[in-house]
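With these hints in hand, go ahead and build the complete structure from the sequences.
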Amino acid sequence: MRQLRGIHRNPLAVTGMIILLAFLLMALLAPVLAPHDPLQQNLRARLLPPFWLEGGSRAYPLGTDQLGRDLASRVLYGSRVAVLVAFAATSLAMLVGVALGVVSGFFRGAWDTAIMRLVDIIVSVPNYILYLTIMALAGPSLPLLIAVIGLLGWTTTARIIRSEVLSIGNREYIEASRALGQREGVTAVRHVLPNIMGSVIALGTLKASSTIIIESTLSYLGFGVQPPTLTWGQLLSQGQQYVSTAWWLATFPGVAITLLSLSLIFLGNWLRDAFDPRTR
Amino acid sequence: MTGYVLRRLLQVIPTLVGITLLVFVTLRLSGDPIAAYLGSDAADSAVITPEQEAAIRRHLGLDSPLPVQYLVFLGNVARGDFGQSFIYQNRPALALLLERLPATATLAAAALLVAVLISLPGGILAAVKRNKLPDTVVNVYSVIGDAMPNFWLGVMLILLFSVRLGWLPVSGSGSWRNLVLPALTLGTSMAALQTRLMRSGLIEALQQDYVRTAHAKGLARRTVLLKHALRNAALGYVTLLGLAVPSLLGGSVVVERIFAWPGMGLLFINGLGGRDMALIQAVVIFSAVLVIFANLVVDLLYTIIDPRIRYQ
Amino acid sequence: MRFRTLLTTTALLMGLALAAAQSTVTIAVPEGPPGFDPQNNNRAVASGIYINLFDYLIFKDATGAFQPALATAWEPVGGSAWRVQLREGVKWHDGTPFTAADVEFTFERVAKDELLVRHSYYKNITDVEVVNDHEVVFHTDGPDPTFLSALSRNGASVIPRHYYEAVGVEQAALAPIGTGPYRFVEYRTDDRLVLEAFADYWGGRAAFDRAVFRVIPENSTAVSELLTGGVDIVTNVKVAEVGRIQGASGARVEHVGGNSTQYITFNVSTGQPTADPLVRAAVDYAVDDALLAEILTDGAGVPVRARVSPETSFSPLEYYDAYLYDPAEARRLLGEAGYADGALTLTLMGNTSHADLADLVAAMLADVGVNTSIELFESSVWNSRYWQPGDFTNVAFGASSDSSFDYGNSLVDLTCPNGVHAKRSHWCDEEYTRLVEAANEEFDDAKRAELLRQATEILLEQRPQYYLYSNASFVGVSNRVSFTPRADSLIVLAETTPAQ
Chain A
-19 MRQLRGIHRN PLAVTGMIIL LAFLLMALLA PVLAPHDPLQ QNLRARLLPP
31 FWLEGGSRAY PLGTDQLGRD LASRVLYGSR VAVLVAFAAT SLAMLVGVAL
81 GVVSGFFRGA WDTAIMRLVD IIVSVPNYIL YLTIMALAGP SLPLLIAVIG
131 LLGWTTTARI IRSEVLSIGN REYIEASRAL GQREGVTAVR HVLPNIMGSV
181 IALGTLKASS TIIIESTLSY LGFGVQPPTL TWGQLLSQGQ QYVSTAWWLA
231 TFPGVAITLL SLSLIFLGNW LRDAFDPRTR
Chain B
77 MTGYVLRRLL QVIPTLVGIT LLVFVTLRLS GDPIAAYLGS DAADSAVITP
127 EQEAAIRRHL GLDSPLPVQY LVFLGNVARG DFGQSFIYQN RPALALLLER
177 LPATATLAAA ALLVAVLISL PGGILAAVKR NKLPDTVVNV YSVIGDAMPN
227 FWLGVMLILL FSVRLGWLPV SGSGSWRNLV LPALTLGTSM AALQTRLMRS
277 GLIEALQQDY VRTAHAKGLA RRTVLLKHAL RNAALGYVTL LGLAVPSLLG
327 GSVVVERIFA WPGMGLLFIN GLGGRDMALI QAVVIFSAVL VIFANLVVDL
377 LYTIIDPRIR YQ
Chain C
15 MRFRTLLTTT ALLMGLALAA AQSTVTIAVP EGPPGFDPQN NNRAVASGIY
65 INLFDYLIFK DATGAFQPAL ATAWEPVGGS AWRVQLREGV KWHDGTPFTA
115 ADVEFTFERV AKDELLVRHS YYKNITDVEV VNDHEVVFHT DGPDPTFLSA
165 LSRNGASVIP RHYYEAVGVE QAALAPIGTG PYRFVEYRTD DRLVLEAFAD
215 YWGGRAAFDR AVFRVIPENS TAVSELLTGG VDIVTNVKVA EVGRIQGASG
265 ARVEHVGGNS TQYITFNVST GQPTADPLVR AAVDYAVDDA LLAEILTDGA
315 GVPVRARVSP ETSFSPLEYY DAYLYDPAEA RRLLGEAGYA DGALTLTLMG
365 NTSHADLADL VAAMLADVGV NTSIELFESS VWNSRYWQPG DFTNVAFGAS
415 SDSSFDYGNS LVDLTCPNGV HAKRSHWCDE EYTRLVEAAN EEFDDAKRAE
465 LLRQATEILL EQRPQYYLYS NASFVGVSNR VSFTPRADSL IVLAETTPAQ
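Protein chains in written order, with the numbering used here: chain A, -19 to 260; chain B, 77 to 388; chain C, 15 to 514.
Keep in mind the hints are simulated off the structure, nothing from the lab. Quick caveat, the model's predicted, so the values are computed rather than measured. Backbone N, C-alpha and C define an ideal beta-carbon position, used for all residues, glycine too. You may find that some hints are simply not true.
[Claimed, not checked] Coverage of chain A stretches by chain B, computed from C-beta distances (three or more under 8 Å per stretch; other residues unrestricted):
#1 111 to 120
#2 124 to 130
#3 194 to 200
#4 239 to 248
[Unchecked claim] Pairwise CB distance ranges (calculated):
#5 B/299 - A/239: 41 to 47 Å
#6 C/336 - A/33: 55 to 61 Å
#7 A/94 - B/150: 19 to 25 Å
#8 A/-2 - C/342: 23 to 29 Å
#9 B/177 - C/140: 45 to 51 Å
[Claimed, not checked] Listing some non-contacts, in silico: residues in chain B with all C-beta distances to chain C over 10 Å:
#10 82
#11 85
#12 148
#13 207
#14 217
#15 234
#16 251
#17 273
#18 312
#19 375
#20 377
Below you can see the structure in the form of C-alpha cells.
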C-alpha cells in the first residue's frame, strides 16, 4: 500500500480525510458529544434559532425543531445512521461486485454470460425507480435500505473488476499458476485479489458517497428509513417544511450530508488516481 | 449494418424478459394490492366487504396460480397492455404513461442541454488549463454537484429565484419559464459527472501519440485541440449522453415532485403511494425499454463517429 | 398552409385577449383527481373538486343543514323508502334536460357494481323507482335514517345517463358532463384542471368565469405560489407553513375544524397489555390532549373525548372541547393494573405523518412511568397493515373523517355485528353494537340522539379507541378572493367571489 503514502501532497485528500475522521468520531461519540438527548423535547423552546442569532440559546447551539428538540444532537445522532448505511451498504455492494466480477472475469464462459446478463437487467432500470419500487412495496426500513443498495448497487464494481481481472488474467504469473495445475479458485484469490484491492477501495469510497445521497433522497420521497430512527435525510425532508420560517432545520443536515459525501469524494478521487496504473 | 442492428435487437429480448420477471416477482411478493382500495388517513373510514374484495381480486386476475399470472402478464405486456391503473379509475396504465412522456422528455432534454452547456466548455477548459485555477474551480464544482442532494438544490433555487427575487415561476408547466428551475436542478447535478469525464477524456486524448505527432508536425495548438483531441474525446462524451438516460429518468422522479412538473416521475410516485401495480410495472418496464433503446442508439452513433469500430 | 397558420394564430390571439378579460380563480390542490367518475373515488381532495362539476340531490350547507339541490323536497315513505321530488328545468352541461332517469341510473349503478370504490356506501339501495320525470322513490333493504346524508356525500354526485350510455364509462370519466356551476374544459392529469362557468346553471352563474385547479404535491411549493400570486387558494396547508402565510401581506390563512378526529386505537386482544381497560384509561389520563392540539394544529384543533364536532349531526357536544388529563390518576390506575414505575412498555405505531404526535405521546407516557417504543411506517404500508388485518401491537395512531358528517355513521366502525369484531381493535361489545344498530334505524331524532349517547358512554368507559382532538384544516387564501373553507373540504366555487 505504498501508494497511500503520498496523501500529504494532496490537500483535498487531507481535507477529506480530516472531515471523514471527524464524522466517524461524531458517530462513535455521539452520546458523549451531544448536549441533549436527541429525542428530549422542550415545548417551551420550540423552533429556537442557532445560538448566534437573536433569540437563540447556548444550550441549543444549532437551534431546536418544532418540538424543541436539540438540532445539534439530532444531527450528531443522525451521523450514526449515515455512516452505518454508507459503510454497510457499500461493503455489501463491494463484496457482491468483487465476487461476481472476479468470477466473471476469471472463469469467463457461461458464468460470465450469466453475470453480465444480470448486470444488463439491473442497469436497464434507472436506479431510483428500482430502489423506490422495492422500498415502497416491501415497506421501507433500515435493513431493507442497506440490502437494496447493497444487492443492487454492485453492477459498476462488477464490471470494472471484471475488466481488471481480464487485463491481469493474461499476465504471465497467472498463466504460470494455471499451468502448474493449481485449482482455479485458489489462483483467483491468491493472485487476482491483491492486484485489484486498490481499485476496490477507491470504488468503494465513491460508492459510499453516493449511498449517502441515495439514503437522503429516498427519505425525502418518504420511502427511506422511517422515523423515529434519526437520519439526515429525514431531518432534511422534515426541515424542508420549515425552510422559510426556520431555515436551520434543513440547512444543517443538508450541510452535513454534503460535507460527508464531499469528504468521501475527495478521498475516493485521490485513491483512484493513486491506484490508477496510468498515473502511477 | 442492418445485420448488426438486428443482432443487437435480439440480444435485448432476454434482458427484457428478465426485467419483467424481476418486476413481477417484486410486485407479487410484496403486499396486497387490495390495500389500494382502502381508505387512507384523511379519507372516509375503509368499508370493504369480503364479497367486494373477492370481486376485486377476480377482476385483477389475482385468483389464479402465480406462474399462470406471470404468463398472462407477459402476454399482455408483449401486446402493450400493462393493465389498468386502479388509482386512476381503471385507465390503461400505458395510456397514462404515454400522456406524461412529453413532459418528462421536455424536462430531460432541457436538463441535458444545461448539462452539455456546462460540461462541454467546463471540461475543455479544465483539461486545457490542467492544474491551474480554472481546473480547480471546475473540479470543485463537479465534486459539490455530486455531493449535494437534488431535492435540496431544487428547494434552494425556488427560495432564491422565485420567492426572494421573483424572477421565475415557482412550479407548474406551460411556458419555458416554468422549465428553467427544474432543468437547472436536474442538469447541474448531471453536469458534474459529465464535466469530469469530458476533462479526463480530453486529457487522455491530448496525451495520445497522434496528438503529440500533430504537435511535432507544427500544427497550431488550437487546430490540434479541435480537430484531433476533441474528436476523440467526443467518443466518450457520446457514450456518456446515452448513459445519462437512466439518471435523467431517475432524477425526474425527485425534480418533478418538487416543481409539480406533471411527468412520468410524478405519476410513478403516485403509483407507489397508492400501490398501483399496473402503473408501477408500466413505469419500470417502460423506463427500462427507454434505457435499452438509448444504449442501442449510442452504440450505433459510436460506429458512425469512429469508423475504426466495425459492426461485430 | 400559411393561411391556416395565420387563422390559428389569430384565433389564438383572440383567445388570449378574451382570457385576459375573463376573471379566473386558481386553486392549488395537493393531488389531482384520479378521473371524473365520482362513484369510483375515495379521495377527499377529488370530491372537493367534483362538487363544482356535479350536484348532489341534497346539499349540506356549512352548518350541516340539508339544503335542496337537485332534489327540492323529500320525505320518508313507510319504514324503508324515501320519496324525492326533483328540480325542474335543470340542464346538463350539454344542454340535455336532467330527469329522474339520471337519478335512477346513478344510484342503481353504484348500488350494483361492486367494483366501484363507493359501492359499499350505497349497497343498501334495492331499487330506484321512477314515478315520473321529476319524482323518484328510493327503496332500501331496511330503515335508514342516515339516507339523506348518504345523498349528500362523496359518491352521491348525480351523473348523466345519456352521456354514460353514449360514450361509455371510460370516456365519461375523462371528459365529464354534470349539472354543476362549472363545466369541464380540460384536464391535464395531475397538472391542471380548467373549468368554465356554466351559464345555464340552475343556481345562477358563478362569480368567476374560469376556475383552474393546479396540482402541486409539495406544500411549500404551493405556498410559495400563493405568496407570489401564482394561485389564489391553497388547500391542505401544513401547520409548518401557516406562519409563513400569516407573515405575508397579500394572503391570509383560514381554518376550519371538525374535518377529522385524531385518535389512538388500542389492540384489546388477549395477551396485549392494552387488553386491560385500566391501562387504556391510564393512557387517557396521562396524555394531555389540549397540549397536543395546541402544538400539532397550531391551536386550531379542539380536544375531544369522542368523534364529535359541531359540524357533525347528532354529536353529543358535551364531549367536544373536553378531555381528561391527570398524571397522578394515570399512575394510580397503572398501579391498580399491577404495573410498577417503568414496568410497562407500550409499542406506539402509526404512519410517518404521526411522527411528532408519537414523540409527544411517548414523552407524556414517560412522565407517568410508561416506557414506549415507536414504530412508524410509510403510509401505504401502514394502510394495508392497519385498516385491513388490524395488525399492530398495543397502540396505533389514526385519524378518521366521515364525509356524511353523521355521528351515527362514524360509530359503525367499532360495531361487532354477529360477533365479527372491527379488525383494528379486536374489540367486541354486544350492547354497543345493538345501540348503534338501533340508532341507525331510528327515525325519531331525539330517540336516535339518545341511543348514540348511550353508545358513546360505552366507548368512553371501555376505550377501544381514545379520541385526542378534532383536527383543523388550514387553507391559504389570497386577499383577491373571498373564500370560506368547509369542514368536509368541498371547494364550493359557487360561493367563492372576488374580494370586495
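Verification of the supplied hints:
1. Coverage of a stretch by a chain is defined here by at least three residues with a beta carbon nearer than 8 Å to that chain's beta carbons; for the stretch 111 to 120 of chain A and chain B the count is 7, and the condition holds.
2. By the rule of at least three residues with a Cβ nearer than 8 Å to a Cβ of chain B, the coverage given for the stretch 124 to 130 of chain A is violated, with 0 such residues.
3. Counting residues of the stretch 194 to 200 of chain A whose CB falls under 8 Å from any CB of chain B gives 3; the rule of at least 3 is met.
4. Residues of the stretch 239 to 248 of chain A lying with their CB closer than 8 Å to a CB of chain B number 5, which satisfies the three-residue condition for coverage.
5. Judged by the Cβ atoms, the range 41 to 47 Å given for residue 299 of chain B and residue 239 of chain A holds: they are separated by roughly 44 Å.
6. A hinted range of 55 to 61 Å for the beta carbons of residue 336 of chain C and residue 33 of chain A is inconsistent with their spacing of about 40 Å.
7. For the pair residue 94 of chain A and residue 150 of chain B, the supplied restraint of 19 to 25 Å holds, since their beta-carbon distance comes to about 21 Å.
8. Taken as a hint, the range 23 to 29 Å is violated for the pair residue -2 of chain A and residue 342 of chain C, whose Cβ atoms sit roughly 53 Å apart.
9. In this structure the hint that residue 177 of chain B and residue 140 of chain C lie 45 to 51 Å apart at CB holds, the actual value being about 46 Å.
10. A cut-off of 10 Å between C-beta atoms confirms that residue 82 of chain B is not in contact with chain C; the least separation is 37 Å.
11. Non-interface call for residue 85 of chain B relative to chain C: holds, since the shortest CB-CB distance, roughly 32 Å, exceeds 10 Å.
12. Chain C leaves residue 148 of chain B outside its interface by the beta-carbon criterion, the shortest separation being 19 Å against a cut-off of 10 Å.
13. Against the 10 Å criterion, residue 207 of chain B stays outside the reach of chain C, whose nearest CB is about 42 Å from its own CB.
14. The beta carbon of residue 217 of chain B is kept farther than 10 Å from every beta carbon of chain C, the shortest such distance being approximately 26 Å.
15. Non-interface call for residue 234 of chain B relative to chain C: violated, since the shortest CB-CB distance, roughly 6 Å, does not exceed 10 Å.
16. Remark: the non-interface label on residue 251 of chain B is consistent with the geometry, its nearest Cβ contact in chain C lying 12 Å away (cut-off 10 Å).
17. Against chain C, the non-interface label of residue 273 of chain B holds: every CB pair exceeds 10 Å, the least being about 32 Å.
18. Residue-level check passed: residue 312 of chain B sits 37 Å from the nearest beta carbon of chain C, beyond 10 Å.
19. Here residue 375 of chain B stays apart from chain C, with its beta-carbon at least about 35 Å from theirs, past the 10 Å limit.
20. Look at residue 377 of chain B: its CB is around 34 Å from the nearest CB on chain C, clear of 10 Å, so calling it non-interface holds up.
Taken one by one, the earlier hints fail for this structure at numbers 2, 6, 8 and 15, listed in ascending order.
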